[in-house]
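Heads up: the protein sequence lines correspond to chains G and E, in order.
Quick note, in the numbering used here, the first sequence goes up one by one and the last residue is 326.
Quick note, in the numbering used here, the second sequence goes up one by one and the last residue is 246.
These are calculated hints, taken from the structure and not from any lab test.
The structure presented is a predicted model; accordingly, all values stated were derived computationally and were not measured.
Do not rely on the hints blindly, as some may be mistaken.
Stated by the list, open to error - In silico BS3-like pairs for lysine-lysine, Cα to Cα no more than 27 angstroms straight-line: (1) E:K226 x G:K201; (2) E:K86 x G:K197; (3) E:K86 x E:K246; (4) G:K201 x G:K165; (5) G:K308 x G:K165; (6) E:K104 x E:K226; (7) E:K147 x E:K104; (8) G:K165 x G:K301; (9) E:K246 x G:K201.
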Amino acid sequence: MKRILLILAITLCCAGMARAQYYGYDMRQIYSINYQVNVPAGSSRDFVSKMSFEGVNVNWAYFVTGNITVGLDLSYNNYHEKVGQKVYRPNENTAINAAQYRYTQVFPIKAQVKYFFTPNNNVKFYSGLGMGALCAGQHIVIQDFDAWDNNWGFLLSPEVGVLIPFGADNNWGANITAGYNWSTNKSTLGNIKIDNRQSFYMNVGLYLALF
Amino acid sequence: MKVRLMLLVLAGALVSACNWGPGAMDETRDQILTVARKGETVDFTKFHSFAITDSVSVVEDGKKFRLNNDTTDMIIAQIVVNMNRNGYSQVAATENPDLLVDVSYIKKTNTYMFPGYWNDWDWWWNSCNYPWYGWDSFYPYQMPVFISSYDTGSLVIEVADMLSVATESSVPIVWHGLVREILNGKHTQQELLLSIDEVFRILPPK
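Could you build all of it, start to finish, from the sequences and the hints given here?
Listed below in structure tokens is the structure:
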């Protein structure tokens, strides 16, 4: 948590220092809101292997040079999967046969630096790197029983994207991003060992640029 | 127009993304939970015969009574089939069985029940005319959290070690089976019978 606050403080300081300048084809800030899909990867797939179609993302970017922005990125994703009936043996003398409903609610929070390759063009391509924290709430539901585990991890997240304005002089348009989340979250809920969380994500949404 | 359409699609996608839980669990066979537990140090090879109740102990709002109808007959018959499959021969309660089987049905309860509250061994006691000598049952293992409180419509099958009656005042429940919420009115008769088979299959009393 301290690390997140430090990154946030540095980000805001950088933004403040750059306030008097005009960069990015006179753009100062970019806000975007996106629908997000995630494909789980790594050991987190052992808990829920299905793709998440329930995700939302908001992003704020502030130009500190002609090509570079700093900002914040928040997301929410819900992964869920039904695991059919299976016999579990907690010990030699107990057997439980049940179907499980597993779901994981994931909140990636990151400070982000982006590099715009073509800031003066209408269509703006960029790549970015985010660092922050990822909170994952994992649940195993059997009938009305709910076993859960909340875990936090350090998050590293590279991404590429493009801003496409709706018209040549419009300050708003479509945002499309593809990226990868890697975090150090650990869990052993339900004897399923997770050493880290990984996912490939895609954002599709709208951006608004402020001059 | 296209932009408005895109906005609508995005708004729909964002709203659908805000699903915070599992939602309604479907009432299918997948939602049947069975649990079996047996004594850790019990030597099942010493048991050969069993006797079973001809009625079911019903728990409803803190009251217990015994019930005998077509459904309970069917449940008991299916348990007999499974005991036979595991190599035990059925005898009358008066014929010194090695094992005694009782069946309980938690019809409705809103309160916590300690393990064993549901069972009722008086049927055997009365049939054997032993009113002067009582015994209690106990679990020679820790009851899992899963079954510390039972919900509506659960079926409990318990097998007591009658060879211990001669030497102990407390008789161990050497095998315990639970089919949770099977009799809640949402499952078929076929599912009920399959669930009884299943609880014997996942951890047989032998």
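Comparing the hints with the structure gives:
1. In summary, the hint linking K226 of chain E to K201 of chain G is supported, as the alpha carbons are separated by about 21 angstroms, within the 27 angstroms threshold.
2. Proximity of K86 of chain E to K197 of chain G is assessed by CA-CA distance (about 42 angstroms); at most 27 angstroms being required, the pair is judged violated.
3. Taking the CA atoms of K86 of chain E and K246 of chain E, the gap is near 10 angstroms; set against the 27 angstroms cutoff, the hint holds.
4. The straight-line distance between the Cα atoms of K201 of chain G and K165 of chain G is roughly 18 angstroms, inside the 27 angstroms bound, and the hint therefore holds.
5. Of the pairs offered as hints, the one joining K308 of chain G and K165 of chain G holds, with about 17 angstroms between alpha carbons and a cut-off of 27 angstroms not exceeded.
6. For the hint linking K104 of chain E to K226 of chain E, the alpha-carbon distance of about 23 angstroms falls within 27 angstroms, and the restraint holds.
7. This hinted pair checks out: K147 of chain E and K104 of chain E have alpha carbons roughly 10 angstroms apart, not beyond 27 angstroms.
8. The hinted pair formed by K165 of chain G and K301 of chain G meets the criterion: a straight-line CA distance of about 19 angstroms does not exceed 27 angstroms.
9. At roughly 21 angstroms between alpha-carbon atoms, K246 of chain E and K201 of chain G fall within 27 angstroms of each other, so this suggested pair holds.
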